[in-house]
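So the protein lines, in turn, are chains A and B. Numbering-wise (the working numbering), the first sequence opens with residue 1 and increments by one. Numbering-wise (the working numbering), the second sequence opens with residue 1001 and increments by one.
In short, the hints are calculated from the structure, not lab data. C-beta atoms are modelled at their ideal positions from N, C-alpha and C, and glycine is treated no differently.
When the alpha-carbon atoms are kept at most 30 Å apart in a straight line, the in silico DSSO-like pairs for lysine-lysine are as follows:
1) Lys80(A) to Lys1324(B)
2) Lys1118(B) to Lys1324(B)
3) Lys80(A) to Lys1326(B)
4) Lys80(A) to Lys30(A)
5) Lys1118(B) to Lys1360(B)
6) Lys117(A) to Lys80(A)
Stretch-level coverage of chain B by chain A, calculated; a stretch enters the list once three of its residues show a Cβ under 8 Å from a Cβ in chain A:
7) 1277-1287
8) 1338-1348
This is what each chain is made of:
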Amino acid sequence: MRRILWITGALLVLFLLVMQTRRPNFDLPKVHAAAGFDATMHPSQQISDTLHQSCYSCHSTQAEIPWYGHVWPASHLLQKDVRRGRARLDFSNWSNLSPEMSRIRLLNACQMMRESKMPLWYYRPLHPGATLQPEQVDAFCNWAQSLPAAAQTASLR
Amino acid sequence: MSKLEIHSAGSATPQSLPRCQAGFRSSFTPIQSAGIRLAILGTMVAAAVILLSGCQRVSFDPRPTADIAPERLFMFTAVQAPAPATGLSAMRVDLGRRLFYDTHLSVNNSVSCDTCHKLTAYGVDPGKSVSTGHDKKPGGRNSPTVYNAGLQFVQFWDGRAATLAEQAAGPMMNPVEMGMPSPEAVVAYLHSSPDYKKQFQQAYPGARDPVVMDNVTDAIADFESGLITPARWDQYLQGNTNALSNEEKRGLRVFLRSGCASCHAGKGLGGNSYQKLGAYRDWPDRTTDLGRMAVTHNPADLLYFKVPLLRNVTETGPWFHDGKVKTIDEAVRLMERYQTGRRLSEDDVRSIVAFLGSLKGEIPQQYIQPPSAKAPPVRTALTPGTSRQQFALVDLNPSKEGQ
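Modelling step: build the complete structure from the supplied sequences, incorporating the hints.
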């Protein structure tokens, strides 16, 4: 029995070693700061700090990948989160949004924060500083809701 | 082995255990057994975390066809059919409509705006991956619809035109599309028609010479601004819960849950942001079309495209920038695979497609009615087969032509 366990263990280690050859692709190109959220939307320092602290790890190209983020299977999970996160909301490429979409994304972010869906529940224990306080959420939501509604963002002429 | 079985194994008598478990227990000390159990439990918890991490769900009413609460739909805005234009505006719309249908705006009189953006076919070139231009050469990208184009924040797949008017000039001068050698050549043709001149003077009174390129594109833009197609979806947004079928409501739910609405939101359900093709998973073709990078020359813009509108999307195939996707079902599947990273069942795909059908509006038949045949211009553009250079020589130098 002990031998079987040893063999299983050895195979598992070998499998993990082989899987390390699958390098993650976080797709984090360098983006000019002028295209980012801070330069485009000019939020208050407090709101900017909140977002940097709680959101940018998955929702920007400035994601800081921890060491285990390069080790499979954590790398696989992190890649999924970072790429999916940026597909839905990318603070580094804010200039890619029209005023209409900018407002939609911010209001959506507010809703996700209010309902405690963001930051993700399994992210919080690993990053205690990222947990949002109610007053931080209120400040962000009040600011987002105060932005002018993009009644007609299209350039018709 | 389930978690429950592991727990029960500890308290069961050896006699009651299956043979493998009895053997398992007998080979290890209690401390070793506890360690193994802990390891298995840890693995299961980790597996549960991994599985749950892919299951972020938006909390809606769990009934699959229940109506979505309005506060959940804040990211969408209904559109209305524009009021009929009046006065000067109506004259410009009429002029723009005439220009839109006029094949003389191409170098050999063969192609009009309507050729690639057929107004009777939801503003696209139905069935064609890419349209062919004045000399039957294929264009670079799929012809996007002109319906609701005014709802977009920029024009063209790569956003290289900021406005409808700026866009309107593009195809006319594009050597593959309408092939006119220059804006001056377009204006020269229009000047050759007394009827056009009169129409321009009426639409742009006060100008010493109203037949200028800016007014040409302005009139076309005015006409295109009226190509808005409200749909049943808009009625739903306005509170008519019967406007969508149960299947469509289920599709809306999947649409929201799976992340489609992250990009396809707003008035047009798209057309209001650039997004990377292959945001979640690398798009296989990374060299044929660079997307917005070809405009900005910024490597960070590789494969970024303007998110297309979803209004009338079921009618505007083939799909994607290259028109290579032949069915709407496949388009949905590809979006899920490469953009959102969510796995959809076939039922989900079917429901999303049903929902997309609710975005189909009515073609405004009266508004797009081609103008009655006007008196032909005195000098038309040249006959088929004439080169752009010859056209330029003749039309830019009318005095020489007369000699």
